[in-house]
Structure formats: C-alpha cells, structure tokens
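Number of protein chains: 2
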Amino acid sequence: MRLSSSLLFVSSIIYANGVLSAPSPDPKAAWVRQGRARKAASKNGRRWLNETSTPPAVSSCSGNNYTRITAPKANVWGGLTDVEAASVTKWMFAQPEFNLTLSDDAGEWDNTILLVELMHPNKTDVLYYLDGAGPAPPRYAHVVLDHRACEDPYYEDILVGPIDPSGVNNGTTRWEPLEYPYTRKTAGRVRNLDADADDTLYSQWIYKISATISDITLDLWGGTALGHDNDTLSIWGIDPLWQDDGRVIRWDAFWSNSVDNFDTQTLLPLGLYFRSDVTGRDPSQWKFEGWYYNGIFYDTTEAFKNAYYTPGFAKLEANVEGDWARTDQNGPVIPLDTTPPPVSIAPSGARFSVDVEKKWVKWMDFEFFVGYQRDTGLSLWDIRYKGERVLYELGLQEALAHYAGQDPLQSGTAYLDTYYGFGPYAFQLVKGYDCPAYATYLNTSFYVAETTHTHLESLCLFEYTADYPLQRHSTSNYVSATKNTYFTIRSVSTVGNYDYMFSYSFYMDGSINVEVRASGYIQSAYYANNDEYGYKIHDNLSGSMHDHVLNFKADFDILGTNNTVAVVNQVPISTTYPWSNGKARNTMKLEKSYIESEDQSRLFWGPNSATQYSVINKDAVNQYGEYKGYRISPSLGAIHLTVEESSNLANAARWATHDLQITRQHDTEPRAAHAYNNQDVHNPPINFNTFFNSENLTQTDLVLWLNLGMHHIPHTGDLPNTVFSTAHAGLSFSPLNYLEGDPSRQTVNQVRIDYGDGNVSAVETFGQEQGSGSCAVEYTPVEADLWDYKGDVVVRKFPFDPNEPFYETDSIV
Amino acid sequence: MRLSSSLLFVSSIIYANGVLSAPSPDPKAAWVRQGRARKAASKNGRRWLNETSTPPAVSSCSGNNYTRITAPKANVWGGLTDVEAASVTKWMFAQPEFNLTLSDDAGEWDNTILLVELMHPNKTDVLYYLDGAGPAPPRYAHVVLDHRACEDPYYEDILVGPIDPSGVNNGTTRWEPLEYPYTRKTAGRVRNLDADADDTLYSQWIYKISATISDITLDLWGGTALGHDNDTLSIWGIDPLWQDDGRVIRWDAFWSNSVDNFDTQTLLPLGLYFRSDVTGRDPSQWKFEGWYYNGIFYDTTEAFKNAYYTPGFAKLEANVEGDWARTDQNGPVIPLDTTPPPVSIAPSGARFSVDVEKKWVKWMDFEFFVGYQRDTGLSLWDIRYKGERVLYELGLQEALAHYAGQDPLQSGTAYLDTYYGFGPYAFQLVKGYDCPAYATYLNTSFYVAETTHTHLESLCLFEYTADYPLQRHSTSNYVSATKNTYFTIRSVSTVGNYDYMFSYSFYMDGSINVEVRASGYIQSAYYANNDEYGYKIHDNLSGSMHDHVLNFKADFDILGTNNTVAVVNQVPISTTYPWSNGKARNTMKLEKSYIESEDQSRLFWGPNSATQYSVINKDAVNQYGEYKGYRISPSLGAIHLTVEESSNLANAARWATHDLQITRQHDTEPRAAHAYNNQDVHNPPINFNTFFNSENLTQTDLVLWLNLGMHHIPHTGDLPNTVFSTAHAGLSFSPLNYLEGDPSRQTVNQVRIDYGDGNVSAVETFGQEQGSGSCAVEYTPVEADLWDYKGDVVVRKFPFDPNEPFYETDSIV
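So the protein lines, in turn, are chains A and B. Counting in full-length UniProt numbering, the first sequence runs from 1 upward without gaps. Counting in full-length UniProt numbering, the second sequence runs from 1 upward without gaps.
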C-alpha cells in the first residue's frame, strides 16, 4: 500500500516521552504517571523517504487490492488536510492571547496546543448536505489548549474557523470557546490535575518519598526508584486521582521494571503503596499521608520504619520477571504445529471498492464513510444498506477499565481510556495475524505537538468466509447451501497494557456486527490480602478483577430520522383459547411495547434473552403491516459495570450503568464522554446522566448508547497475555422485517445439488465465475512481508515541514 | 475419502416412507403425521459399487488428509460392526417370543425391530478399562422393538448380549428388559401412540374427515386432501399429542403441498384445524370433536358448514408458494459477487491425526473418541487435553422446539426431536460450504429396518484460522501476535424443516466450544389472530414464535472424577479499608461459593454475566493454591425455555427449565431424555426432575446438563430460510487456573517483530516451516467436486447381504 497524504486522517495525541530517568527500555506501565502530558517531538527518528511500500502481499491470484470509486459527497468526518492542520497551528501561534510555547520548548508553566483536529459538523447540517441541496458544512478545527502558565491550570476546548480549502483565512477565521457539545457549561475549560506530572511530581515529590525508604526498597527488592538511570523500580499510581472534599489525593505503588524488551511491568507489582495530598501546584504545600503494606496502614514513614525493623515483621517477596511473563514461544513444540496452518486467500482479489481520498467504502450493498479521531479512533458514518441510511454514526465513545482490590491502587483504578486516546495507539497491523495478509491496509493519522503522526497500515479492510455457511437445507433429493462471506473493517489500539481490537463486520443477510476483543498484558495486583478480588496467578500475584465496559454510539436512522424503539418480550402465560374446552394452557406469547420517553430508556438486556429490542420506523410499514427496523442484540456477550455509584468515577462514566440506553438526538449531545472526564469526576465536562430529561422518544431522531465489555477475573491462562478467544464482546444489528425476505438470496455464492440414488443430476452455481481452476498462491507469504513493518510516520506542522517526514512510533511509555 | 466398512458407525432409525398417496415429491412436513413408524426398505436405489471416491478435493498443497494413528484403547462407543449388527438381528428373529415380522412385510398389527445399536457401557466399567487394568466391557446391543400385534401397542427397550467379536453366541447370548437407564421402571416399555399412524389413521380417519368438507377445501383452496395422487393439500398436526385425562387427542391442520422440488410446505399453512379423540386402536371408537377456523371453534361439521355458507362468512386466503419460499438465487446479482470470495486453504494438508477404525482423533494436545447414535447423533468421549481427561462425555441429549400460538396447531407443538433422531438425518455435507473443501470427511451409519444406512461424508474434521489473532501486543519497539488456528468436528442434522449444525471446536488456549446453529425452513403459522405470537411475514403468514432448547451432557472429569462446581459472583459492595480513612468506598468484590448438593444445582446464568461457574477439583491445587478447573460460560448466547409448566410437555422435558444443571453421575442416569418421552408426557420414561434428589455434589463425579438455544420470532429475513449468522448459540469451556500459563505460548504460529525508526531488526518466527514460497491452489475447486455427492449407502443386515450395498437417502418425508 503506497502511503498517500490523502490518507492522513488527522487526529491528535499529546503525551510524555518518559525522559525522567526511566530505565531503558521504558516500562510501559510508567504511562500512568505521565498521563496526557506534553510531547517533546523528537527528530531522532529515521528519515521517512516516502518510498513506495511493497505491493499488497496478498495470498491472491489477483493484484486487485480494491476497486477505485468516487464518493458521491465529501467525507465531512475525514479529518483536516495537512495544509489545514498546519495553517490552523500557525494561526494559533499568531494569537497573542494564548501565549503559546512550542511543545518541544515548553515547561510545566507554559501553554501548549494539545490537539488540532477536524470538528465534526452537526448532524443537522450534515443531513442538509447529504440528503438535501445544502452545501457542505463549513469546516472548523477543534483545538485543545493546555493552559499551564497559571496557578490553576486548565484544558480548554476551542473552535477555530471557518477554514477555507487553502487553510485559515486571517480575515475571517475566529476562535470561540467550545461549549455546546458538553453538558457542563464552563466555556470549554476543565481543570488539569496533571500539569506537574512531567517533572515536578516525580523530582520534587515521588522520588523524594521513595528516597526516605530506600533502605527498605533495597532490603526488600534490591533496588530503588530515585529517578536515576540505574533504577530497577518504578512508581506510579491510581487513575483517576481521588477528588473528594476539594482535595487531590494520589496513591502510588512500587513496581519492578522489566529486565528486557518485553512489556511486563504490569505483571510486577511489589505491594507497597503511599498516599499523597497533591492539591495545588506548590509542592511545599503537598502532604505525605502514609504507607500501606500487607494490610496495615502506617500514617507516617517513622511508623512504617519502626514496624519494618521490628523483629517478626513479615517481608513479602517480589514478583520477578521470567518467561512466564514473556510472550515468545515457550514450551514443547507440538510436532504437527510446525507446518503452516490453514490460511484464507482471496483468489480474485478484493471484492469491494474504496475512495481512498474520501475514505468511502462500498461492499456489496453496504457503503459508509470512515472517520478517525484522537479520542476514540475509528468510527463509521452514513452507513447505508441498499441505498438507504441505516446508521448515521457508529463508533466508540469511551472505554472504562474499573478495577477493585483490597489495596488502594487496584481499588482506586478506573481508567477512562479516551484520556490517553484510541487514535494515537492504533499501531500498524501485523499482516497475516491481525488481519488476513490479503487485506487492504489504510493509514490513519493524529496530531501531536505540532506534528502529524501517521500510523501506516493501521486500518484493515477485508472479506472473509466463515467456517460455516450462511444458509443450508437438505432433503433426500436436494441440498442447498450458501457461503457466509462477510466484510470487516478493523483497527487495534494498544492503550498501555491492553490491546483492544475493534471490528465492524457486514453480512450478506444485512446484519452488522460490532465486536471488541482484548489481548495484551493484564494489570495485576500484589497478592497480599487480595484473595477476595482475584485468583492468585503467580508467586505473589493476583489477577486483579476488573470490568471492561466500552460504550458505543449507534445513531440509527431507519428509513429517515424519525424512529422508535420497540420492545418485544417473550413471556410465559396461562390462558384459555376458544378451542381449549375452557381449560387453561401453559404456553407463551409476545408482549409488544415501545420506549416512549427518556424516563424509561435506560435498559438492560433482561434475563434469558427474552427481551428483543429493535429500532423501527412507525411510518415505514412493510406490505404485511409490520414496521421495518433493525434488531439490536448481544451476540458475543455484553455487560455493564458491576460497581454501583463508583467512588472512583462519581459522575464521570454514568454511561456504564446499563446495557442499552436511548436518547433523543441533539447536536449538543454528540458524545457520551469527554476525554477529561477523569480530571473532574464529580463535575465532569460531560455527565451522561444529564442526557436523560424526559424527552419523548416516539418517532423522533434516536441515538442508542450501547455497552460492550467483559467481566475479567484473570487466571493463570491470562499469563503472559489475555487471549482474544475468550475476552470478547459483540453486538449484532440485524434487519427486522426490513426487507421482503432474506437478502442473502441475491448471492451467487450458493449451490443447489439435486441428487438421488447416488447420482447428482444438477449442481446449480447460479453464475459463479468458474475460473481456470488454479493459481499460484504463496502459503508462507507473511514472514517475508513483515520485514516491511515501519511504525508511524511523523510530519511537522509548525513550522510546516511537509517534505521531511520521519519514522517514529510511540506507545504509552 | 474412500468409504471403509470400518467407518460404519452403527446406529438406527425407523421411519415411514410416505407411501400414503402423498404427492410426489413428498412434502417434508408430512413427516409429522408419520412419526417414527416403520420403514419399508426399498431396494430401488442405485447399486452402490463401493467405488473409491475421488481423493479429498482439498485446496491444499499436500495430499495429506490426516495422519494415521492407532488409538491406545478400543472405542467402546463406536457402534456395532456390520457382523455384530447382522448377527444380533438374526438372533432376534430366532427368538419366538418376539413374534417379529420383517419391516418390509409388516403391517400395523405386526411386531418389528426398530433399532439395533451398541449399548454404551457404564462409565464405571469403562474407566476400569481406560484407566485401570480392566478388560474392555462386554458388548451388548440395545434393541428397540415395536410391539404392535396387540390392543395396547408399546415400544420396548431391551439388551441383547454379550456379543462376541464374531457376533452373538447362541449359547450365551440372552436378552433382558432395558430399564436401569430410565427413571420410569416399566421394564423398558413405553406406550406407542403412533401405532396406526402409517395407514389407519389417514385412511380411516383423517381423509374421511377431510372428505366431509371437500366442498370447502375446493372452494377455499381449489384442492383436496383425500389420500389421492392428485391431492394438492396435506394434513398433519400437533406433536406431542394431547395426553390429558386418559385421552389421546389430535389437532390436525391443512397445508398446501409444495408445487416443485423445494421443501416449502412448512411455509404454506392454510388456517383450518380439527380435533379428534383417537384414544385406542379402534377407529370406530374415535371421536371427531370440532373445527377451528379464524378464531372460532365449531363443535360439529354441521355447525362449521352452516357458518361457512352463511353470507358474510370471512374466507381467508391461502399461502401460495413462490420464489419467496424457494432458496435458489433470487434478486439482482451484485457485480463484484460473481468472482470467487476468499476461501481457506490448508497448504500443508491436515495437521491432525485420526484412527479411522477406532474413530479416535488427535489435534495438537487434544484427543478424543467419536461416538454416533440414532437418537442424538455425534458425541465425543474421553476428551483429553495434554494427556489428562477433561470430559468423559460431551454430546447432545435432546432438542426441543416449543411453539406457541392462538391456533391449536402452533400452541400444541413442542417437538422433541430425538423421537425422529439426529443420527438418521445427518446428511452428506457439502464440501466448501458446510465445511472447508479441505476438511477430512468421515462417514456415519445407523440401523433401520434390517439394514444399515451409511451417511457418506457426514462428519467433517478441519482446522481453520480465525480472522483475528489469538493474542497480540504492541509497543513502540515490538509487536507480538499469534494465529488463532482451531480444530472443529461438525455434523449437520436436518430433522424435518430445520437444519441443526453441531460444531465442537478446540483452541490453542485449551478451550473447547460447543456451538449449535439453525438454518432451513421455519414452521410458520397461518396469520389469522396470531399477532400476539409472531410477526406477519408474508401474505397470510405468521412467523410462529418458538424456543429452540438443546440439552447437552458435559460429564467433566477434571484431573479425576471427584469434582466440585465453584461459583464466583462479582458483586457491588460499599466497604471501608484500612487505608480509606474510615470512609466507605463503593467498589466490587468476588463472592466465592460451591454448589453443595442437588438441592441447589439447577442454575441460571444470572444477570449481567456476573456469575462465573467452573468445574474444579478441590484435590488438585495448583502451585499458587488455586483449584484447577474449567470455566463454563455462554459464548454465543444460551437460553432456557420461556414456557413454564408447559401443557404440551408436562414431565417430558424437565431439563429445559434452567441454563445449567448439575447432578451426581450415575450409570443409571446416562441421558436427560428418552426418544419416547413424547409418547407419555405425564409419565415419560426419563423424567429429568427425578435426577435431583439432594445428593451431595462436593468432590464427587459430576455431570453438567447445559442448554443451548434461541428464542426465535421469525421475521421476513427468515424467508425462505433462517440464516446461521443470527440463529446460533454457543458455550465455551475454558481452562481456569488449570495450567501455569497460557498454553498457546507453545505454538510456533506466532511472530515477534522488533522495530524502530522505520526499520525492522527482527522477525522472529520460532521455527515455523518457511516452505518453498508458493504452491498451486485450486480456487474454484468445489463445484466440480460436488458432482460426487452421493447421499446414503444402505447395507441389508437381515438377511445379511454385505455385498450388495445400494444408494438411498431418506429425509423426514
């Protein structure tokens, strides 16, 4: 896939580069301490020569990687162009009121730009453009500023625009606070609890505290965490910080550093924790509040030391890295495993079409636009089936990983991952592993520190044929069967320890599936006293229980925007019938109802899967009198949060409490969460609860907010990594009385065999291309190709330097 | 696959051949009227020449279809040999007390043999053989007799044996009633409600009643159901029959016959029903009890006719077959659909081993024996993982399809499909559609009417590589990913209108999945007055609501037979911690408990998937102190029956009421249901409720009875056929603290790429065979091969005629 600048889906991320004397290689888990801080963009990366990469290493008899098409409309969610991003950045630096410093040069008391990306236009305006005669909505940049040159640092969301095709126009471009999409009305400003996390927190606080007990860390673990190059320990803590009673409280813990290249640190907790009150920006006003070790809280270092040096004090052993924590091949090789396993090939190349510039995709009777943003990564827009919009928007909103434990670190951890962002961590995919080798791979991009980073080959698009048919029926004289070939678009974001795989799949029966799978490293707990919070999975390790809950927005438009949610319950009944002799019969029936308002629209899947939800259009009645619609059902499991009224989250993730929630669509409620909800959990910029204000939900524009996820109680099988095969969740959206029959009857990839008495009289293949019979297929094509793995490409936006791209990939380190 | 007599897994089926003037081709739905009646074995089939079939038409660079191995022990579930079955049949005919007639010659008042198959030995005896020094258990035949030469006809289960390798020995072979595996102690005898269903019922009753209103059927539908060759209508009714108050009551309905080869009759109900009391064998004592039409019950034909000929009587229209009911390609062909879609190939052939004679399979670290029986089809035995037994037995027990409706036919229908049998209807699979073209296909066999029928290529075994990896993790300097290649054994049984696909899959992480998918034709309802029981899906058609519930036995033996079921609940809590300043925190924890007795062992999955069940061994503690076990969880959805205290079922399917039920293993409780439970629903031969008698379940031999299924409210998308993509259910059995880590680390089919600055420094492939780079693969190999479809092969057992096999395939017609 040749990298094209038109593929630079602009997004953004800001994070630290971990220069605080962290060991090399950086332990990933150190990301927690650095949060979403500044990025000193390195130019040390190898120069990217914009070379043409190898042609798709398909296991294919055809070089056809996709058919080129032209989208009928602009992709209004496609991101800023390079020129636009550069011009907005330049314009921002020209506005004196922002007092901006280049990220490379900025310290903790400087203001910087965190994000420049395309502001999604309002649905109202977009529909006027897509469906009516209206022009494309004007383009605005969504800019996030990090105001740290003040005692009360804050983030600020602003809009900059309108942006002309050639960039901002100094005569007409303005900025304004971005407030309307947030439920909190504070002019787009949110406090920043991490302003000093880059340097001061560690140099002036964490390491000094660690130094007071270096005798103990040396005695227990033979190492220290002092901010030195030879540290063998790291310190990091809870997220979100405690924000009760007007204070900002940290809990930090000691972890062993990985001893090699493997990203093992979250498997190496040491069981010692300390609490700090870090309210305000003056470290001299911060308060050390005590140690916690092996179930006992010591409110001073003296008390802890006294206990430690008292004979009989129980010293707990370290968790020590070993092959058990490394992902490489390990254990006896099974003889037949060394030969290549089955592999899917695409003998005729890609059977779908892409407008690469406009990111518009068409497979069979489905078509959609692709969007990509810093916070949430991949999203799909204007999903149409047989020419009619089914979903205006479908995409991730937020991902919560809520832990629990007897220790303050696990108990205090409830990651809201869009703070880190899914866009920045959607790494290059591994051909033949993450997706088929023959897939079409596209790039994605995000803005960070006056540069645009491009993830090469970070989206994959492919068809696959399931191991089972879509349809079949046998009798003694014929058999009919249909191949189940589906289309998937996928990205994988590794947000720290976890790899989340997002797959959107489309089927010949008109259904759409959304699937999330989780692999990567668990965040484990020190075992002591945590037996009610997980299994003991290694020497001194607890598989810390946690809930993954991922919220998705599904803005259905079934044959128009005015829709209703229907509820069909299958219920047991005892009733008489005209024919039952007056005798009651125990049987069942359907109870049909509708969700009438937001007072009744926060729902659960219900016991025994006996409740079926669908989005229907009461004005779109089929020829048999039934409402046309799409059914919404869990397919691979779907959960909501176990914790009720979480002390960690307060109001920051109110979307997590139910399975399926329905609101009336408003341009002012575009997203269920804000990336900075964790900075002010009691009064977050977006409190999902406030979406529910008794509005009528009958035949109006509806949005479904759907949770996917897994309850995860890690066991030994999660070492070294959780496996995708069991950590999964999925939803299915399937046509319900939407068409006259099963649309998969259209496919020619079906067969009917007429037979009898051992003879076949017909093999009907309905015009399938019969081909020449064979083609040469590489069956170990993948490894050679993997030498082309590149990572990310970076292009500087301010000063704009489009001709000197270079390679640099950053994970959360 | 060359057909080998050693593959003749002996099983049995008895059913009618539909000679009662049914239209040609036979409408499938007519099966309901014929039940499990006699089979007049035809010899009209084409002679089977035992020719060698074409070699596996694999999309493969290797001809290796499987590696030959030798099982360490005999397969004691593998069925009778041809010689054994023939000798038992001959011996039976030599016993005067049975008064047997050859099936071909038998009438309704003759006794026949319905089944001759291997009796599964008791687990106690088998373990003594497999694990100890004991001999293989003696072999017995399970014979089912159909005693119809009497006023009170009955089925009789008996045992015949022991059987020597050369067959029965007239000196030592005895028969005895088979009673111990059944909860009802009636010497293996169960009444036969269908004794007269072959002929008398129709000729003396159904058609005569139909004739009384032929004026109406001609007026409404232009046809008649009189038992004539030119009938365009069929009549059939409820299953089970009503069995209340000592009476046997039928409801029958009129259906249009299919007008072509498509199996459409269950889509063509006509909305007219009649009730008969058919108690006893004397038709002169039977009573006609009334008509039901369009919501009104008429207790006499005169009343119905009077109403019908009253002006203003509402005449309802027929459901008329058309392309909407046919499965062939239909609708516009999508241009890119005509080229071949992606297909899976096996470049190195099969990477598993089979002992074809003993039906023993080994894939990676899994191995198991294959069993096959008339009632339940495919089952797996002695499933071992890494040398240790995990499951002694895994297989289907019964499948219920419980309908509901305002009309008596739908309301009265609750099929218990082992009555018809899953073994007889596991048809030849369609290569490249039902399973990959490269799969290994094996035969299965069943006994019927003094013959053995062999389904050619009716089991498939294959590896597949999922479209997503098993594991992955990315950082900025390396990425690790592992292929998710799994192994599946599959069969498909078409029991009348529905095609059930059963897949047992094994994964590199040690997990085992059980999946059921449903396709084929729905049984629909006439629309009138059924709006509370389904959607209107065609002109006059209701998609009749129904529950599929399929019970599976999973006899786990985790590191020995003494096991316990652990329950781990994730619960929200509010609690203080030593470090929380006395402040309560809202969080969550685990509540661990155990199922102690059969008083508490009938379970539901529980809300929000927050309850995790596992089978553990308290005497098998891992090095970290946790119990080794396997977790049991729904993966693709799993339901229990909606109806409570079903009037149709009474005590015949008490297994359907919960999701997961646990009993103590007893040789006397081998199966949850009996094929004749529908013949005496109030007092069935096996009443699952009686398995629960307060026995202790701590560290004893446990059996899990697990329900899979779907609530099905058919919509237009179920026409013409239900699709597998949404009609599915699945369970996952996955290791829980069973090993020290994730066993998939053993595979070489993983990669680690080390990279940075746009360069790859290592692509570690762990010894994967790198191959020559390419091989020729047929990419449209399937259609040519489908001309080899054969259907079933029949070999006569009495008189034994092994040298004249012939082709004949029977569906339920």
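No lab work stands behind these hints: they were computed from the structure. Small disclaimer: the values here were computed from a predicted structure and weren't measured. Mixed in with the good hints there might be a few duds.
Since the list can't tell identical chains apart, any single copy or any two copies may satisfy a pair.
What the hints assert, rightly or not - Below, a list of computed lysine to aspartate or glutamate pairs in the EDC-like style, where the Cα atoms sit at most 16 Å apart:
id, residue 1, residue 2
1, K583, D105
2, K583, D245
3, K362, D244
4, K583, E645
5, K123, E669
6, K305, E289
7, K536, E626
8, K358, E769
9, K592, E532
10, K185, D328
11, K386, D365
12, K287, E317
13, K592, D531
14, K536, E740
15, K73, D277
16, K315, D365
17, K386, E596
18, K583, D244
Checked hints:
no. : hint         : result
1   : K583 to D105 : neither (85 Å within a copy, 43 Å between copies)
2   : K583 to D245 : between (65 Å within a copy, 12 Å between copies)
3   : K362 to D244 : neither (50 Å within a copy, 59 Å between copies)
4   : K583 to E645 : between (49 Å within a copy, 14 Å between copies)
5   : K123 to E669 : within (11 Å within a copy, 62 Å between copies)
6   : K305 to E289 : within (15 Å within a copy, 92 Å between copies)
7   : K536 to E626 : between (54 Å within a copy, 7 Å between copies)
8   : K358 to E769 : neither (31 Å within a copy, 41 Å between copies)
9   : K592 to E532 : between (42 Å within a copy, 8 Å between copies)
10  : K185 to D328 : neither (50 Å within a copy, 59 Å between copies)
11  : K386 to D365 : within (5 Å within a copy, 47 Å between copies)
12  : K287 to E317 : neither (29 Å within a copy, 84 Å between copies)
13  : K592 to D531 : between (45 Å within a copy, 10 Å between copies)
14  : K536 to E740 : between (55 Å within a copy, 11 Å between copies)
15  : K73 to D277  : neither (53 Å within a copy, 69 Å between copies)
16  : K315 to D365 : neither (65 Å within a copy, 40 Å between copies)
17  : K386 to E596 : neither (29 Å within a copy, 56 Å between copies)
18  : K583 to D244 : between (63 Å within a copy, 11 Å between copies)
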